[in-house]
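Q: Position chain B relative to chain A; hints supplied.
Line order of the protein sequences matches chains A and B. The first sequence maps to residues 1 to 309 in our numbering. The second sequence maps to residues 1 to 622 in our numbering.
Rather than coming from a laboratory, the hints here were simulated on the basis of the structure. Cβ coordinates follow ideal geometry from the N, Cα and C atoms, glycine included. Check the hints yourself; a few may be wrong.
[What the hints assert, rightly or not] Just so you have them, the derived chain B footprint on chain A, three or more residues with Cβ under 8 Å:
1) 45–53
2) 256–268
[Unchecked claim] Below are the DSBU-like pairs computed for lysine-lysine, each with C-alpha atoms no more than 35 Å apart in a straight line:
3) 61(A) - 108(B)
4) 452(B) - 77(A)
5) 264(B) - 108(B)
6) 56(A) - 264(B)
7) 43(A) - 434(B)
8) 228(A) - 11(A)
9) 452(B) - 526(B)
10) 241(B) - 85(A)
11) 104(A) - 187(B)
12) 187(B) - 108(B)
[To be verified] Some chain B residues close to chain A (C-beta under 8 Å, calculated; not the full set):
13) 42
14) 109
15) 113
16) 138
17) 247
Listed below, chain by chain, are the residues.
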Amino acid sequence: MNSKNLLYIAKRILLCLLTIWVVITVTFFVVHAVPGGPFNGEKALSPAAEAALKEKYGLDKPVWQQYLTYLSDIVTKFDFGPSIKLRGRQVIDIIGDGMRTSAKLGLIAAGIALVTGVVLGAVAALRRNKIVDRVIMVITTAFISMPSFIMGTLLLLIFAVNLRVFPANGTTAAGLVLPVITLSLYPTAHITRLTRSAMLDVLGQDYIRTARAKGVSGAKIIFGHALKNSLIPVITYFGPMLAYIVTGSIVVEKIFAVPGIGRDFVNSIINRDYPLVMGTTIVLASLIVIMNLIGDIMYKVVDPRINLE
Amino acid sequence: MKKLLALILVLSTVLCVAACGPADTTDPNATSINVCLASEPQTLDPALNSAVDGATMCAHLFSGLAKWAQDEDGKLVIVPDLAMALVDGVVGEDGKVTYTYTLKEGLKWSNGDDLTAAHIVDSWNRAASAALGADYGYMFEVVDGYAEISALTEKLDENGNVVIDEESGEPVMVPANPDAKLNVTAKDERTIEVVLANAVAYWNELLAFPTYYPVHPSALDNDEWATDPSTYINNGPYVMKSWAHNSMITLEKNDNYHAADTVKMDIINFYLSDDANNMLANFKNGEWLLIDDVPVDEIKTLETEYPDEFVIAGQIGTYYVCWNVNEDILPEGNELTGAAAEAAKAEIRNAIGLLFDRNYLVDAIAQGGQLPASSFVAMGMTNPDGSEFYKTAGSADDDFDGYYDVSEDAQESNFAAAIETLKKYYTWDDAAKKFTNFPSMTYLYNTNDGHKAIGEYLQGVLASVGIDMQLENQEWNVFLETRKNGEYSIARNGWLADYNDPICFLDMWTSISGNNDVQYGKGAHKDLAMYNLDLTAYGYETKVENGTWAETFDVLISTIKSCTDNETRYELMHLAEDMLMETGCIVPLYYYTDLYMVDDSVKGFFSNPLGYKYFMYCTVEG
Numbered sequence: 001m002n003s004k005n006l007l008y009i010a011k012r013i014l015l016c017l018l019t020i021w022v023v024i025t026v027t028f029f030v031v032h033a034v035p036g037g038p039f040n041g042e043k044a045l046s047p048a049a050e051a052a053l054k055e056k057y058g059l060d061k062p063v064w065q066q067y068l069t070y071l072s073d074i075v076t077k078f079d080f081g082p083s084i085k086l087r088g089r090q091v092i093d094i095i096g097d098g099m100r101t102s103a104k105l106g107l108i109a110a111g112i113a114l115v116t117g118v119v120l121g122a123v124a125a126l127r128r129n130k131i132v133d134r135v136i137m138v139i140t141t142a143f144i145s146m147p148s149f150i151m152g153t154l155l156l157l158i159f160a161v162n163l164r165v166f167p168a169n170g171t172t173a174a175g176l177v178l179p180v181i182t183l184s185l186y187p188t189a190h191i192t193r194l195t196r197s198a199m200l201d202v203l204g205q206d207y208i209r210t211a212r213a214k215g216v217s218g219a220k221i222i223f224g225h226a227l228k229n230s231l232i233p234v235i236t237y238f239g240p241m242l243a244y245i246v247t248g249s250i251v252v253e254k255i256f257a258v259p260g261i262g263r264d265f266v267n268s269i270i271n272r273d274y275p276l277v278m279g280t281t282i283v284l285a286s287l288i289v290i291m292n293l294i295g296d297i298m299y300k301v302v303d304p305r306i307n308l309e
Numbered sequence: 001m002k003k004l005l006a007l008i009l010v011l012s013t014v015l016c017v018a019a020c021g022p023a024d025t026t027d028p029n030a031t032s033i034n035v036c037l038a039s040e041p042q043t044l045d046p047a048l049n050s051a052v053d054g055a056t057m058c059a060h061l062f063s064g065l066a067k068w069a070q071d072e073d074g075k076l077v078i079v080p081d082l083a084m085a086l087v088d089g090v091v092g093e094d095g096k097v098t099y100t101y102t103l104k105e106g107l108k109w110s111n112g113d114d115l116t117a118a119h120i121v122d123s124w125n126r127a128a129s130a131a132l133g134a135d136y137g138y139m140f141e142v143v144d145g146y147a148e149i150s151a152l153t154e155k156l157d158e159n160g161n162v163v164i165d166e167e168s169g170e171p172v173m174v175p176a177n178p179d180a181k182l183n184v185t186a187k188d189e190r191t192i193e194v195v196l197a198n199a200v201a202y203w204n205e206l207l208a209f210p211t212y213y214p215v216h217p218s219a220l221d222n223d224e225w226a227t228d229p230s231t232y233i234n235n236g237p238y239v240m241k242s243w244a245h246n247s248m249i250t251l252e253k254n255d256n257y258h259a260a261d262t263v264k265m266d267i268i269n270f271y272l273s274d275d276a277n278n279m280l281a282n283f284k285n286g287e288w289l290l291i292d293d294v295p296v297d298e299i300k301t302l303e304t305e306y307p308d309e310f311v312i313a314g315q316i317g318t319y320y321v322c323w324n325v326n327e328d329i330l331p332e333g334n335e336l337t338g339a340a341a342e343a344a345k346a347e348i349r350n351a352i353g354l355l356f357d358r359n360y361l362v363d364a365i366a367q368g369g370q371l372p373a374s375s376f377v378a379m380g381m382t383n384p385d386g387s388e389f390y391k392t393a394g395s396a397d398d399d400f401d402g403y404y405d406v407s408e409d410a411q412e413s414n415f416a417a418a419i420e421t422l423k424k425y426y427t428w429d430d431a432a433k434k435f436t437n438f439p440s441m442t443y444l445y446n447t448n449d450g451h452k453a454i455g456e457y458l459q460g461v462l463a464s465v466g467i468d469m470q471l472e473n474q475e476w477n478v479f480l481e482t483r484k485n486g487e488y489s490i491a492r493n494g495w496l497a498d499y500n501d502p503i504c505f506l507d508m509w510t511s512i513s514g515n516n517d518v519q520y521g522k523g524a525h526k527d528l529a530m531y532n533l534d535l536t537a538y539g540y541e542t543k544v545e546n547g548t549w550a551e552t553f554d555v556l557i558s559t560i561k562s563c564t565d566n567e568t569r570y571e572l573m574h575l576a577e578d579m580l581m582e583t584g585c586i587v588p589l590y591y592y593t594d595l596y597m598v599d600d601s602v603k604g605f606f607s608n609p610l611g612y613k614y615f616m617y618c619t620v621e622g
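Isolated chain B, as found in the complex:
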């Protein structure tokens, strides 16, 4: 027994010593910064990445034709990176637009290989391919040839019979043209020609998007290249020195980067944690100089304790509630059907949207510095003249921004107007100040304290006027599926922009879109011919009266996508948002903000409207 005890003692000591290995040694003069954005990124392959933290890391590791940068006034702009210049496109007779870029001289990969135009072509084809299955593969939708890549066909078995999925009973679909390519060519080592299906206003911004970053040829046939520093070849400001999974990713300055002399920070340590409390502890004790998340309960305290270090930055996104367009909310015994019923429902949904006090919601409940929303296209999206898109949304006659007045003074009149509207359809008990025959509904949200608190607020407001709304929460993945399939009446929703163009808030609502949670143009709504679209004033022949959603909204979106005149295009986008908001199915609550903390010793840091953070030009003082 004594031996056993001794053995245990020795074992414990050995384990303790083993745990305390030698510390990492680095050049003492190298500047470094410790930051924490989120937990382990799902991937650091720029083509596969779809997360904001992953995009930040990719922006430090890769360099595309264009990039985000700060100009002299501190304004964020898109500037050429690998390309000599961001040239204008040449519009052909068929409406297709050709861009010809010349790459800078002497571009290298981090391993010293030359970077050529062909590498970019191969990278783009890989990123867009169905076989890679990238979340953001559709970012290449604007490039000619993408339609062939994304086409589907029924899967056939060895005997040529259609394979049927056992669960759904539908045929199994597979990509129709696995070998289809984008219309992108390398004219020579340094010249790349891209043909877009039509003019795209946000093309330069796409060039700066991680999905458009080039990857080294060795990545094309190696699924695992992006998981290990030894196979991680890149072309950006940094190289990946180490990746301790779930723990830390260390980036070190890349001497082969074409603008290496502009990079100030030598080493960036991205710590990987998903616990906001832990992040805050590390920030408070000075180990991490930037943390990209804070505990919601602490926001008020941090605002006063760290006025200069706690940052509330704008983020292009909207938190909203969506209705299932097919949900029947009319009182029992009403005789409305078809278009008349849908028009009534739209009026009711819009009225209900006005009952909520968005100022109270953001100040007392969400508490993250969010701003009350009066439009679906988020704040931060701009018109061609640089003005805010949401400020010119809605009727031009009113004196507020967006589709309804969200100022604190307007709340009372909004509420009263909403009640008057609802009285047209439901029985109002004047003594109790409540509606008595509003059908019961269920509000669906994904399990999360923040969403729950908001749900409870909405529930409380509705209960105060006699509308019963139950709350139901589902685990995230189940929730996504339920909402996507339209198996709900009202649900929590949110949308963050991928690029700074309102179209990314609008094209998601076409009847064929995978993000169309409202179910526009699906189910009973599919055959409902009640929408009008008149584009004759904009120089088009399109004029539809009493058309279906597909015949109007879908057409409008495809018109916007092929519109070459920027002014018209923005007017059409306002028109599309008008159509959406008229249905009342989308109830914007607030515009998202990006909360983070950055130590005041850090200078030269900036972040872009998409939430990407840039550390390469940082210095740490003191």
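This is chain A alone, in the form it adopts within the complex:
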């Protein structure tokens, strides 16, 4: 990697930080401007208690002052503060707990999607227009068009309620099987199609014909040349996909009662738990920004011809 590329990466990292700062600022002011507050409830809090709590969490100060305090706490101490609603818990711990599960779920689903997708895509491309290809294409189209809440509910009904093969809640390891499958179906289908079209494109290239003409074995052509080059779009897709899976698993987490970050994120907004809203937003935004950056860098790594400038 030359210095030009390094400079580019450095620039991108700075841009990422800028993006995250913008996200923090916009979210902070928007979430404070939205009507409602953390102390609203079906039953009103006593005025004395509300006053004491506002003072405790610094909500009695002007919003810009709260913003500056918040920003400086994050930058200097990496302190996301305590949750207002989940009394006694630190935002960083809540996010840590949720992210561990969400990340585990997301990574396994992504791993499965990658392996299955590439294999199926390659098979489909090599058996182009044959029955295997057709079947794979029909199934992947179905998976792409079917939303996860339908897929999840179906799997839950068949495997947890009717057959009782897996538990219906994601609190145990066995309980993660169904949510992982649900989560991985869409990206698997997507990767299959990406691999297939890229592979077909590569297989039609001159250098493959040359290799065949030279008598290189079929397997070597496929694994050594065709597959490698057809993975470029897959690899660039992988970063954003991972971010999508981890952040987008909210629905799946709900269906299977998986203790991920999704529920905290949604509840924090409903409850106007400002520190938790900020914390989860920052973490999820950073994840997407970083994954996109990695995706771009991977693009360069797998295809040296690409100039990042």
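A: Quick look at chain B alone, frame taken from chain A:
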């Protein structure tokens, strides 16, 4: 590339294996039960808790001076728990009532420390303090000294100037006496003396309320004690063995509990889920033996498929519609003003309330076994003689319970009577059978399919008589704020009792209450002198004619709160509800029910009228 592929494969395998960790090992002979009430509780600090699911868990983890229990006939009663007996109070000359409790011998915390009277005193002072900011801190309102704790003063900056809130322009308020304490003292290790500002009929019930549970001294200066089993010290039937956030809370029998020998269930696993469909799936496949929520769409099916396991229990609460008292609903061009206008509006609101068919509403729309409501104070609240409060509400001359007849036969005549009343104020088009000049209104509800369906029904009924009512939904938190600030004309509302005494349905409507969504005694209604209050028949001197809401209703509520004669007190509470219902601002629709499913293998389970569920005496058969 081959390496990359191999790496991915290895990584996936490792992750899969890592996900499938070893299963939890527990004593194979221990009895256990898996249940699911709701999602992650916001707190398991009994003083901070304000949720029903949290209260259930706290009832298993803590033991207060009193507790709920089932007597031999299966009736729910309040019995002594930490206290030797639930003694009667001694009324002093100043009207204050002193209770002296003796604690049972040898009480221990779960870590083996001795539990003393001083711990209870400190716990109560903590729970009531403004600094803790507990939702239910006001439960100590009845204890002498609470007034000082809840007093507010303007906040001053370093220079002694009043700090003004930039948004509202009002001074920032802070607690006036941060060091104020309740009038509760520990006379010795086992004796505790409580002074109440006046006699309180539901005092024993308060003693069984989670806010009154004691917490260990180590909790007093540790904000985080209740979030981690290692710092969670309690004194109830169970200890917290583990808390996997958002996933599961496991309770294990507490050997240091003073009545440990009565506890039958060894382990309770509270699974944490907020998805009713997921709960049902887990119930159907036999993993969870009790679920505290069911999908609304499934209610009819479950009733027939699981007749013994699907339970519709009473819950003390009322679903109602509230009007903004200051909303002008009179037709354009009318000449009524002041008290006359308000009296007309009250008549109109009451008439509109009669248009709705509550039987249809609960059977066809709400579908949760709810019962049509004819009063605001919910079914389940009882008079001193044990009879239902709502049955003696309203006029004694009529032959129905409550303020209007909700029987199916009465609907037609109710409707006709309402139309006749409305005709006095609005133009009726006889050909179209519709009113032509009723001003358009907006019905506000929080975004939820159930509330929407009810809103649509109300809208349909009104549209059929020519009254245009638009529906507007708001996200929960915004909705609460809008409704509280009175920025609505009609809104969906609901109220669940905190304790079994009608006052908790009545004191919320004083002009200073934070729950006064109707805006009684606020805005234009504040100066409206049109209410009468005559308490001379009850032995009081109070007699107000044409007084404001604050001069009448507020006074009535404070009279009730200081009334020592139980019979009079209940009569006054009926009077207060009469006042509320006469305004027509509160339109009760139905009494809430608590829906849950409990597997028929579970024996010894019970729940109380507040919705708390008790698993400690359960056994699982088969």
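Q: For every hint, state whether the structure bears it out.
A: Hint by hint, here is what the structure shows:
1. 45–53: Since 9 is at least three, the answer is holds.
2. 256–268: With 7 residues closer than 8 Å to chain B, the region 256–268 of chain A meets the three-residue bar; holds.
3. 61(A) - 108(B): Cα-Cα ~44 Å, so violated.
4. 452(B) - 77(A): Outside the cut-off at roughly 46 Å; violated.
5. 264(B) - 108(B): holds (20 Å)
6. 56(A) - 264(B): violated (42 Å)
7. 43(A) - 434(B): violated (39 Å)
8. 228(A) - 11(A): Holds: residue 228(A) and residue 11(A) sit about 29 Å apart, inside 35 Å.
9. 452(B) - 526(B): OK: residue 452(B) and residue 526(B) at ~32 Å, within 35 Å.
10. 241(B) - 85(A): holds (23 Å)
11. 104(A) - 187(B): violated (56 Å)
12. 187(B) - 108(B): Holds. Residue 187(B) to residue 108(B) sits at ~19 Å (cutoff 35 Å).
13. 42: holds (5 Å)
14. 109: violated (19 Å)
15. 113: With a minimum Cβ separation of about 21 Å from chain A (threshold 8 Å), the hint on residue 113(B) is violated.
16. 138: holds (5 Å)
17. 247: For residue 247(B), the interface hint holds, since the closest Cβ of chain A sits about 4 Å away, which is under 8 Å.
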